[in-house]
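Just need the whole structure built from these sequences, with the hints factored in.
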Amino acid sequence: MSPQKQATFRIWRGDRLGGEFRDYTAGVSEGMVVLDAVNHIQATQANDLACRWNCKAGKCGSCSAEINGLPKLMCMTRLSDLPLDQPVTVQPMKAFPAIKDLITDVSWNFRVKKNIKPFKPRSPDAPDGTWRMAQADIDRVQEFRKCIECFLCQDVCHVLRDHQKHEQFTGPRYLIYVAALEMHPLDTEDRIDELRNTQGIGYCNITKCCTKVCPESIQITDNAIIPLKERVVDRFYDPFGWIWRWMKKKSDRQSPNAVKR
Amino acid sequence: MIHAETTTLPQRSFGATMRTDGWWTQPLLVFLGLGTFIVYSTWAAFQGAHYFLGNYISPFYSPEFFGPSPHNWFGPKPAWWPAWLLFSPALLILWAPGGFRLTCYYYRGAYYKAFWADPPACTVGEPRKTYLGERSFPLIMQNVHRYFLYVALIFIAILATDVWKALWFADPVSGKTSFGIGVGTIVLAINVVLLGGYTFGCHSLRHLIGGFRDQLSKSTSCYRAYACVSCFNRRHMLWAWMSLFWVGFSDLYIRLCATGIWHDLRII
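Protein chains in written order, with the working numbering: chain A, 2 to 262; chain B, 492 to 759.
Hints are computed from structural coordinates only; laboratory data are not their basis. The model shown is predicted, which means the values in this text are computed figures rather than measured ones. Some clues are possibly wrong.
Unchecked claim - With a cut-off of at most 27 Å between alpha-carbon atoms, the simulated DSS-like pairs for lysine-lysine come out as follows: (1) K166/A with K620/B; (2) K709/B with K121/A; (3) K6/A with K118/A; (4) K709/B with K249/A; (5) K709/B with K118/A; (6) K251/A with K709/B; (7) K60/A with K114/A; (8) K213/A with K114/A; (9) K250/A with K620/B; (10) K147/A with K57/A; (11) K114/A with K101/A.
As the list claims (entries may be wrong) - Just the calculated beta-carbon pair ranges, DEER-fashion: (12) A127/A with I649/B: 23 to 33 Å; (13) V530/B with L18/A: 27 to 37 Å; (14) Q143/A with V530/B: 41 to 51 Å; (15) A44/A with V530/B: 53 to 63 Å; (16) L583/B with P125/A: 52 to 62 Å; (17) P125/A with Y641/B: 38 to 48 Å; (18) T621/B with P125/A: 47 to 57 Å.
What the hints assert, rightly or not - Some chain B residues near chain A, calculated using beta-carbon distances under 8 Å: (19) S504; (20) R510; (21) D609; (22) Q706; (23) L707; (24) S708.
The beta-carbon is built from N, C-alpha and C at its ideal position, and this holds for glycine as well.
Right, here's the structure in full:
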């Protein structure tokens, strides 16, 4: 029987005051993911290693980290996909303040969410207080509801990660959230002004890094951010759009039963 | 907005990353690909010669508003054209497809990385500390993209007309035109198909044709058009590169044939 293959894991150890990478060695077996190795190291070599995880199935979004420099879910990153002839680096998400070791404080995200105008449906379509929607209309926003809030997209976005624009830019996660509300066939709220002015959609320069790291394969840039950018163009940068809106408003005023476009 | 504390891990210097893969490959390929195209197309546009061969005209020079070829719309170089200003029929029109690609959502992301290192690649350190994004001048001008789209759609129709013209060959003796297909016809036809695939997958078109609606099902035509544009849009990057390569090759093919280095093969 051949001896078990060993791999070196270079894990960030520290807190908000600072830290360093420390090397640990762990055995590698078939089907192992990075989270298995981290849990093994925690159990056998570093009992004080802080690591957040929950479902181990890529659905809770808890074990987000940076593996070999790329934001990934630890539970979905197979060791067989990594070059094990060199140390595997595991570090916390860079875009958020560190708490301890691999755990970061992602509470900023939840505070951002509270500032987004909530869902505001039109009056019910039926006397029993229910609505009618076509599947074709809801298909588009259902993609955005797959988000597991792992915040890998927020972490990889250079606007937050490198330029620390947390006060001016909500990040890809919340642009998806706004898209899910804004494109919803029942919603009547208007979020376009906020998108441009306080949520800072103009900071996005379409590098598509958010789309690349999304574990749910949501087409964040193509299906959410760019369509929202186009809606901002309609409102603020397109003279034809201004004329169109003016004419639409006029015709809506003349027709009292106008419904949402 | 909400204030966040500074992260533990320090700001990285230019090019610094923990990535172990070849992250530099993609921006390098984009730099070389776009750079080669820009150099070649600029050179070709300034030539002002060898851009047509009988019923073929290079897509870099079509529509030819003024120029020496029989394809011109309004005659030769106008007399009022200033003597000190270099004249080439391509320079009158290339701003439109150039602007369309420059402001394209796909190319923006690609050249911000490859030419401006903003960022060089995902999770790779940037050379600058300040960042304005596309919300202030000059990049706020990228929002003009839909206007370039309108012109690009007209260009597709014009280039399709050029393919039609490329099907009719004049007899050198009698001067009578007859139907035919040459390799040049096929080159120009592929060019229109690829440019069409790129243009009809445009993100702005996807929005304007139906994406602006929240209730797409209310308009069957909008819904179908949106689905069709979305289909092209899913492979927008592929269409962008294929059409870029082929439009350059189409010009090169006609240029080499016009200079006698290559000979156009008549299939039918």
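Checked hints:
1. A distance of roughly 11 Å separates the Cα atoms of K166/A and K620/B; the hinted pair therefore holds under the 27 Å criterion.
2. At most 27 Å may separate the alpha-carbon atoms for a hinted pair to count; K709/B and K121/A meet this at roughly 20 Å.
3. For the proposed pair K6/A and K118/A, the alpha carbon gap of about 52 Å is over 27 Å, so the pair is violated.
4. As the CA atoms of K709/B and K249/A are separated by approximately 16 Å, the hinted pair is consistent with the 27 Å bound.
5. About 26 Å separates the Cα atoms of K709/B and K118/A, which keeps this hinted pair within 27 Å; it holds.
6. Distance restraint check for K251/A and K709/B: the Cα-Cα separation of roughly 20 Å lies within the 27 Å cut-off, and the hinted pair is therefore satisfied.
7. A C-alpha spacing of about 20 Å is found between K60/A and K114/A, which places the hinted pair at or below 27 Å, so the restraint holds.
8. Note on K213/A and K114/A: the hinted pairing holds, with a Cα-Cα distance of about 23 Å set against a maximum of 27 Å.
9. Taking the CA atoms of K250/A and K620/B, the gap is about 44 Å. The hint is violated against a cut of 27 Å.
10. Pair hint K147/A plus K57/A holds up; C-alpha atoms about 17 Å apart against a cutoff of 27 Å.
11. Simply put, K114/A and K101/A have alpha-carbon atoms about 24 Å apart, close enough for the 27 Å limit, and the pair holds.
12. Roughly 52 Å separates the CB atoms of A127/A and I649/B, a value that falls outside the hinted 23 to 33 Å.
13. At about 51 Å, the beta-carbon gap between V530/B and L18/A misses the expected band of 27 to 37 Å.
14. In this structure the supplied range 41 to 51 Å holds for Q143/A paired with V530/B, their Cβ-Cβ distance being about 45 Å.
15. Between A44/A and V530/B the beta carbon distance is about 59 Å. The supplied range of 53 to 63 Å therefore holds.
16. Range check, L583/B to P125/A: Cβ separation about 58 Å, and the 52 to 62 Å hint holds.
17. A C-beta distance of roughly 41 Å is found between P125/A and Y641/B, which places it inside the suggested range of 38 to 48 Å.
18. T621/B and P125/A have their C-beta atoms about 50 Å apart, which keeps the hinted 47 to 57 Å range intact.
19. Among the interface hints, the one on S504/B is violated; its C-beta lies about 11 Å from the nearest C-beta in chain A, farther than the 8 Å criterion.
20. For R510/B, the shortest C-beta to C-beta distance to chain A is roughly 4 Å, which falls under 8 Å, so the interface hint holds.
21. The criterion of a C-beta within 8 Å of any C-beta in chain A is met by D609/B, whose closest approach is roughly 7 Å, and the hint holds.
22. Taking 8 Å as the C-beta contact cut-off toward chain A, the hint placing Q706/B at the interface holds, the least distance being around 5 Å.
23. At a threshold of 8 Å, the smallest CB-CB gap from L707/B to chain A is about 6 Å, leaving the interface hint in force.
24. Taken as an interface hint, S708/B checks out: its beta carbon lies about 4 Å from the nearest beta carbon of chain A, inside 8 Å.
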